[in-house]
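Just so you know, we're using the numbering used here here: the sequence shown kicks off at 84 and counts up by one.
Just so you know, the hints here were simulated from the structure itself, not pulled from any lab data. Careful: at least some of the hints might be erroneous.
Stated by the list, open to error - Dumping the calculated DSS-like pairs for lysine-lysine here, alpha-carbon to alpha-carbon at most 30 Å:
1. LYS316 <-> LYS114
2. LYS96 <-> LYS247
3. LYS114 <-> LYS378
4. LYS156 <-> LYS353
5. LYS378 <-> LYS113
6. LYS316 <-> LYS122
7. LYS156 <-> LYS247
8. LYS353 <-> LYS114
9. LYS96 <-> LYS122
10. LYS113 <-> LYS96
Bear in mind the structure is a predicted one, so any value in this text is a computation, not a measurement.
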Amino acid sequence: MEFLGSFLTVAEKVGLLFILIAIGFFCQRKKMLTEESNKSLADIVMYIVSPCVIINAFSANMYSKEELTVVLKNIALVAGISVLAHVLMIVAVTFIFRTPDENRRRLMRFSAVFSNAGFIALPLAQALIDTPTFHEGALYASAYLAMFNVTLWTWGLVDMSGNKKDMRLRKILLNPGVVSVVIGMIIFTSPLYLPFGEGAGIRLPGIIADALATIAALNLPLPMLMVGYYLGKADLRAAFRDTSSFFCMALRLLIFPLLVLLLLWLCGVKGNVLLVSVIGASAPVGATATIFSAKFSRDTDLSVRLVSLSTILSLITMPIIVGLTRMIA
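With these hints in hand, go ahead and build the complete structure from the sequences.
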């Protein structure tokens with residue numbers, strides 16, 4: 084009964100995401116969303132909305148010094164888990180995908196490793212964990228996402244481009260996810276005490292805090308509209324016929340997240356740290372697979388099928404895996 088309750092809770096949250104995805108699908112079919120407008124949405128989410136989500140998560144919580152120590156340890160733990168999980172996945176896919184077709188091989192490896200951590204995992208962590216007064220879901224998911232971005236702009240960029248010269252320290256350190264986490268951490272750990280309440284961290288002025296929270300709220304609908312747009316463009320019949328891609332999706336949706344859950348459980352990791360880590364690992368193939376495919380002339384059609392079909396299948400897999408994790412956590 085406990086698992087069923089967790090499953091239904093997660094299914095309800097994932098179902099909300101898919102309602103928004105369905106609206107994006109409808110908008111694409113009715114030409115209300117175009118390729119150009121979808122790219123603009125991606126820029127808005129990447130450069131404005133996501134940073135606001137992260138900074139808001141760090142600035143909205145006020146902890147005592149004792150609580151702050153625990154939360155900082157958890158942030159460091161989630162970041163370490165994110166790095167370790169991605170390194171292990173990279174090692175695995177390097178040995179698993181050996182097809183002579185270079186474009187397909189590189190795309191499969193990329194798609195199996197990099198989930199939709201920013202556009203699906205972060206909103207889901209917010210929906211499942213956050214309360215009006217504490218934003219631990221977004222807080223820990225931000226730490227996961229920061230390390231995700233470092234991995235994306237190092238190994239992910241080099242493997243998809245096939246050129247190590249494309250990896251630049253500036254891109255790694257100055258991407259929006261990492262910069263916003265640094266800003267958030269400065270706010271979060273500041274020793275400054277203001278009369279608005281005791282505890283570590285800076286309490287931002289009301290109008291700025293409200294603006295951050297309002298923009299951050301867009302992190303749920305806008306990415307889902309984008310995913311719906313890609314679904315509307317995808318040839319799903321071709322996706323179902325391409326049986327070899329199902330193994331890539333099985334890695335992304337089932338094998339890797341279950342291995343992360345097992346390893347963390349064996350190491351004694353519990354609570355929201357475990358839940359956020361598994362949510363990040365269980366999300367479907369990220370839209371960055373299509374973005375990078377287009378940029379580096381890989382198999383763009385295959386990338387759209389992987390993103391679209393894995394997103395549909397995650398409606399089944401994520402409630403099961405995250406529900407199981409909630410029961411264990």
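Results for each hint:
Proximity of LYS316 to LYS114 is assessed by CA-CA distance (about 11 Å); at most 30 Å being required, the pair is judged to hold. As the CA atoms of LYS96 and LYS247 are separated by approximately 40 Å, the hinted pair breaks the 30 Å bound. The straight-line distance between the Cα atoms of LYS114 and LYS378 is roughly 24 Å, inside the 30 Å bound, and the hint therefore holds. With a CA separation close to 13 Å, the supplied pair LYS156 and LYS353 stays within the 30 Å bound.
With a C-alpha separation of about 27 Å, the suggested pairing of LYS378 with LYS113 holds against the 30 Å cut-off. A C-alpha spacing of about 14 Å is found between LYS316 and LYS122, which places the hinted pair at or below 30 Å, so the restraint holds. At most 30 Å may separate the alpha-carbon atoms for a hinted pair to count; LYS156 and LYS247 exceed this at roughly 34 Å. Restraint check: the Cα-Cα separation between LYS353 and LYS114 comes to about 45 Å, which exceeds 30 Å; the hinted pair is violated.
Using a Cα cut-off of 30 Å, the hinted pair LYS96 and LYS122 holds, with the two alpha carbons roughly 26 Å apart. Restraint check: the Cα-Cα separation between LYS113 and LYS96 comes to about 26 Å, which is no more than 30 Å; the hinted pair holds.
In this structure, the earlier hints numbered 2, 7, 8 are contradicted, and the remaining ones agree with it.
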